[in-house]
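S.K.: The lines below spell out each chain.
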Amino acid sequence: MRLDFAYYPGCAAKQVQKEADVAARAVALALGISLYDMPRATCCGAVSLRETKPAFSLAVAARILSEAEEKGRHLVTICNTCLQTLTHANHRFKNEPELLDKINHVLAQAGVRPYKASIQVFHLLWVITDQLDPEVVRAKVVHPLKGLRVAPFYGCHNLRPEEIFDAKAGEKADHLDRLITLLGGQPVAYDGHDKCCGFHVMLSDKTEMRAMVAKNCLNAKNAGAEVMITPCTLCDMSMGSFQGPAEKVVGQSIDLPEMNFAQLIAVAMGLDASAGLNRLHVPPYGVLSARGVR
Amino acid sequence: MSAKHYTFRIQRNRKGPDGRIASRWVDYPVSATETTTILTLLEEIKGDQDGSLTFRQSCRSAICGSCAMKIGGRTRLACKTHVGSVANADGVVVVAPQANQPVLKDLAIDIGPFFERIHKIQPHLEDGPDTDAVLEQSAYDQVNHVTQCIMCGSCYSDCVMAEVTPEFIGPAALAKAFRFVSDPREGQKRRRLEQLSHPHMMWSCARCAMCVESCPKDVKPMEAIVKLRTRGLAKGLDAGPGPKHALAFHQDIQQTGNLNEFTLMMRTVGILGTLEELGTAFHLMKKWKIPSPLPHKSAGLAELAKIYEILEEHPLDVETKAKEVVPE
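If you read the sequences in order, they're chains U and Z.
Residue 30 in the numbering used here sits at position 30 of the first sequence; the count goes up by one each step and never skips.
Residue 77 in the numbering used here sits at position 77 of the second sequence; the count goes up by one each step and never skips.
Fair warning: there could be bad hints in the mix.
[Unchecked claim] 27 Å max Cα-Cα, derived DSS-like pairs, lysine-lysine:
(1) Z/Lys120 with Z/Lys217
(2) U/Lys14 with Z/Lys287
(3) U/Lys14 with Z/Lys306
(4) U/Lys94 with Z/Lys217
(5) Z/Lys287 with Z/Lys70
(6) Z/Lys217 with Z/Lys297
[What the hints assert, rightly or not] Residues of chain Z placed beyond 12 Å of chain U at every Cβ, according to the derived structure:
(7) Ser2
(8) Arg14
(9) Gly47
(10) Cys59
(11) Arg74
(12) Val103
(13) Pro113
(14) Arg191
Please keep in mind that the hints were generated in silico from the structure rather than gathered at the bench.
Virtual Cβ for every residue (Gly too), placed ideally from N, Cα, C.
With the hints as constraints, model all of the structure from the sequences given.
M.R.: What follows is the structure in structure tokens.
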């Protein structure tokens, strides 16, 4: 199987959450997954652009998808919201040919290659858990997690709406759990694993956002989690960097180390220089060294 | 299909002498085929094992919405849910009352606060200046999306925003509001959108799509909320951080192709709001999580400007439409 993908890290991974990007690239390289940059790709616009300019948002998505398609590659991302936004548009293009024609007409007038709706949008995590032989991953694990209790925080936008995704989504999704097991860890079941990190209301409803962070983290911690991982750079920002502000809102210490899934893989594969743990607000050094992982 | 053994782990709730609800979990063994409904089995338990078990039910046909309850961690209609689809690997089915609503007894909740929220959006057509004079064939393309709602409360019970604040109006009320805002006969579309732009209304949805998954009638409340926001912005209702944030996205993508996260906060919450958040900014800075203020441009931006210009001159209607409802 050819594991060549057009790589769309998303805005957060280019700046504030760049540790996720560095880890993702290192892990992909080690696993034989080729990620090709997309110099013309813009921000996906998230649901925000769909709200302000619905047609423009579809054209922006089509332009991004077309860049990947031109190179004959499926698109892969490490941001749940980019995943959902591009998948939502792609799902419509594949199922509404008239809509695709209208958008392509606009693209053509602007000198952009029309999109043929032939590619798929994947999360890098799905590529690792669904497209690679588990033995290939296991063979690269030099520091197995030795039963480390890891809370999978899926976030919303790689799960819902279930019908648009090209992988097991909704309540059936288990990719993060399978990854944790594959690395030698123990997935922790808790209420909140598929709830919202609050990122998209961080500025408009800031107390509520922090309350969501606290609730999800505390539920995970009370269920025995020693560390939390997410497949999304935006969830990372909320559950990790905003854990401190969330503690202030609920008046309670949380102290649950949190990182991106790619960072935990990097740790398990011994790619320490690319793991970026020094950029985490709630660092996992203690729990990792207690298991002899690093 | 052969019968299997399941364990119903039911949250029993009873009001104590102090007026507070005391909860305990009680296990009830049942034997059933995978496609037996939860409601049938709850009735069996009530009939054969414990007559004091209290739950609501009526139509048994996913029409009345009475039997919505938490089943296997998600709110579902007991009459529509097969036991085999919600039992865990050990055959345990966890049943609890709806969340975000006051519990009366066992699985019965007070649905009153849910309906108070529905009434807040004036769930009836109103006279006024915005009534359309002509009804086109396509007039109900949007209305028909949300008229399937049976007011079961599932979306509100699973809403992540309702979980952290009782102030939020909730998905069902917003979907209902969209039904009126998009009805050509409605005369107060603008006033409705103004009201919906207030705090804890349409801009407070976290867009997690949990309501899309929970809804047993495929109403997709979050899609209605997104469309409400589009209509509000189209009428120039852009006060408050929600709309300002959405507009900032649109400006950045149009101008540089990428978000300028450094100025995004200032443009969303203004100078005072940014000053309030200086503590948070300092906290983020400790781990270098402050974006560069310089815009980062994608290649081929002229294309984007052209696309934008074409769509401003010749707007495209790309909204999803409800399937045509043909009377049987």
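S.K.: If a hint holds in the structure, say so; if it doesn't, say that too.
M.R.: Verification of the hints:
no.: 1; hint: Z/Lys120 with Z/Lys217; verdict: holds, 23 Å
no.: 2; hint: U/Lys14 with Z/Lys287; verdict: holds, 15 Å
no.: 3; hint: U/Lys14 with Z/Lys306; verdict: holds, 26 Å
no.: 4; hint: U/Lys94 with Z/Lys217; verdict: holds, 24 Å
no.: 5; hint: Z/Lys287 with Z/Lys70; verdict: violated, 40 Å
no.: 6; hint: Z/Lys217 with Z/Lys297; verdict: violated, 44 Å
no.: 7; hint: Ser2; verdict: holds, 24 Å
no.: 8; hint: Arg14; verdict: holds, 23 Å
no.: 9; hint: Gly47; verdict: holds, 30 Å
no.: 10; hint: Cys59; verdict: holds, 25 Å
no.: 11; hint: Arg74; verdict: violated, 7 Å
no.: 12; hint: Val103; verdict: holds, 17 Å
no.: 13; hint: Pro113; verdict: holds, 18 Å
no.: 14; hint: Arg191; verdict: holds, 20 Å
Violated hints for the displayed structure, listed by number in ascending order: 5, 6, 11.
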